[in-house]
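Student: Going line by line, the protein sequences match chains A and B.
Following my numbering, the numbering of the first sequence begins with 1 at its first residue and continues without gaps.
Following my numbering, the numbering of the second sequence begins with 1001 at its first residue and continues without gaps.
Note that these hints are calculated values from the structure, not bench results.
Ideal placement from N, C-alpha and C gives every residue a C-beta, glycine not left out.
Check before you lean on any hint, since a few could be wrong.
As the list claims (entries may be wrong) - Listed next, the in silico DSBU-like pairs over lysine-lysine satisfying Cα-Cα at most 35 Å (straight line):
| id | chain 1 | residue 1 | chain 2 | residue 2 |
| --- | --- | --- | --- | --- |
| 1 | A | LYS152 | B | LYS1186 |
| 2 | B | LYS1138 | A | LYS43 |
| 3 | A | LYS111 | B | LYS1043 |
| 4 | A | LYS51 | B | LYS1043 |
| 5 | B | LYS1019 | A | LYS153 |
| 6 | B | LYS1138 | A | LYS152 |
| 7 | A | LYS51 | B | LYS1238 |
| 8 | B | LYS1002 | B | LYS1238 |
| 9 | A | LYS153 | B | LYS1138 |
| 10 | A | LYS19 | B | LYS1152 |
| 11 | A | LYS51 | B | LYS1138 |
| 12 | B | LYS1153 | A | LYS186 |
| 13 | A | LYS138 | B | LYS1152 |
| 14 | A | LYS138 | B | LYS1138 |
Claimed, not checked - From chain A, some residues computed to sit far from chain B (all C-beta separations above 10 Å):
| id | residue |
| --- | --- |
| 15 | GLU116 |
| 16 | LEU190 |
| 17 | THR214 |
Protein chains: 2
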Amino acid sequence: MKQFLNIVKIGGHIIDDPKALQNFLVNFTALQGPKILVHGGGKSATALSSKMGLNVQMIDGRRITDANTLELITMVYSGKINTSLVANLQALGCDAIGCSGADANCIQSRKRNVSEIDYGYVGDIQSINSDYISLLLKSEFTPVFSAITHDKKGQLLNTNADTIAAAIAVALASYFDTTLYYCFEKPGVLKDKDKADSVIEFINKETYKELLNTGVISDGMLPKLKNCFEALVQGVSKVCIGQSEMLSNVSNSYTTIAL
Amino acid sequence: MKQFLNIVKIGGHIIDDPKALQNFLVNFTALQGPKILVHGGGKSATALSSKMGLNVQMIDGRRITDANTLELITMVYSGKINTSLVANLQALGCDAIGCSGADANCIQSRKRNVSEIDYGYVGDIQSINSDYISLLLKSEFTPVFSAITHDKKGQLLNTNADTIAAAIAVALASYFDTTLYYCFEKPGVLKDKDKADSVIEFINKETYKELLNTGVISDGMLPKLKNCFEALVQGVSKVCIGQSEMLSNVSNSYTTIAL
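Turn these sequences into a full structure, and let the hints guide you.
Tutor: So, in structure tokens, the structure goes:
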């Protein structure tokens, strides 16, 4: 039987809230066995860019990454947030190691082709160095990934943190029995997006089709669930979506997705 | 016989000059066997702090690190410079891994006591996790250290890069036959500080005393050489000081220091 591996992605809403972050880090540290943290950015990138006189340009919720923005994001994600998360996890007794995709060629990506939109220095993942990540996990370290990758030609690239978490989970599924956690601001996939108590606790292939047909799932949740099922088809055991309290056993409800 | 290990420290004058940096990275990549890079900052920290309206306060050539300055330095050293060095080394075929002192508790330090001067968030090194660094080296990775350490209680600390390089060299001297390279702007220790062609090619304990007695060594070189001899006494095989070209075989002259 394969060992369990938990891969947890957190977003800006946790990183920006010191109390929520500390609470998350305690719950994350308490997770038994091998685990990986993947984090996005937060408001500090936007705050710093306005200080530096850079304009943040977004299309479809994705940041357009020019050279200055890439430098800024690299400083904030890999410098400020990643290093600080690692130091705080170390203080809690979690033997964390900060990683960008460039370290040991962990996450190699390719600059997205310019079609209708030029996203700038945005990378689409090509390969994951699962041997290196496994070496860290088997040595009982906890890798902490920022959402910065590289093209192996010296160019750093901004990459979606949800996608990084899924790609790592898929790459490690041949070594581990892998669960992917997406911590976000809502308690899960909701039947009624305005009612926090309408969490759908379990979704599988069949119920997913029903939810799509009845129009219950829409907007931002559509690509998220599509990515979840792609990860499941590629060997990830289950995906959990909800607030970070789902990591502790005394959790509120959240959504579990499996084939 | 122990395997050779080269530990190379570069300063801001290389980091700030794209051509010199690329040249250095090629020479560094060409070094055979296990190796470690340690880097300081550069002008970009100062440039960014003025953009952000922070004042850089220096006493005796050391930056006074308040909370905002620490955040800035962490972003520039561990974010911008470290991540970019790793990506450029990866492009050259050197399997680099970026590290701050917080990763795997690599470099634990203690906030410097306030005596006459309050240096702020500056750390004096307490311990090096040589087991982890050896694991990386034996797995044929090249660790790249920024000058950021931590106190294992969640606090990041600014630490002198020369001191980090020496402390790592000493800690690894029981595993490896260790050479420490300090790359700086001059071609070595000079008999006449205004004459670049007056390099002293070899210094040992006896000639060091002579140089001190005759007043040839003074100013900024005094603490540098003191640190070198402390590292040698603690097991480092030799220390080389000069321009980064000393790493290649077709080098100009530089200073070698040994007991």
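Student: Each of the hints needs a verdict: does it hold here or not?
Tutor: Okay, the hints, checked on the actual structure:
no.: 1; hint: LYS152/A / LYS1186/B; verdict: 33 Å, holds
no.: 2; hint: LYS1138/B / LYS43/A; verdict: 40 Å, violated
no.: 3; hint: LYS111/A / LYS1043/B; verdict: 29 Å, holds
no.: 4; hint: LYS51/A / LYS1043/B; verdict: 19 Å, holds
no.: 5; hint: LYS1019/B / LYS153/A; verdict: 17 Å, holds
no.: 6; hint: LYS1138/B / LYS152/A; verdict: 22 Å, holds
no.: 7; hint: LYS51/A / LYS1238/B; verdict: 46 Å, violated
no.: 8; hint: LYS1002/B / LYS1238/B; verdict: 14 Å, holds
no.: 9; hint: LYS153/A / LYS1138/B; verdict: 25 Å, holds
no.: 10; hint: LYS19/A / LYS1152/B; verdict: 20 Å, holds
no.: 11; hint: LYS51/A / LYS1138/B; verdict: 44 Å, violated
no.: 12; hint: LYS1153/B / LYS186/A; verdict: 31 Å, holds
no.: 13; hint: LYS138/A / LYS1152/B; verdict: 22 Å, holds
no.: 14; hint: LYS138/A / LYS1138/B; verdict: 16 Å, holds
no.: 15; hint: GLU116; verdict: 28 Å, holds
no.: 16; hint: LEU190; verdict: 35 Å, holds
no.: 17; hint: THR214; verdict: 45 Å, holds
The structure fails to meet hints 2, 7 and 11 from the earlier list, while all remaining hints are met.
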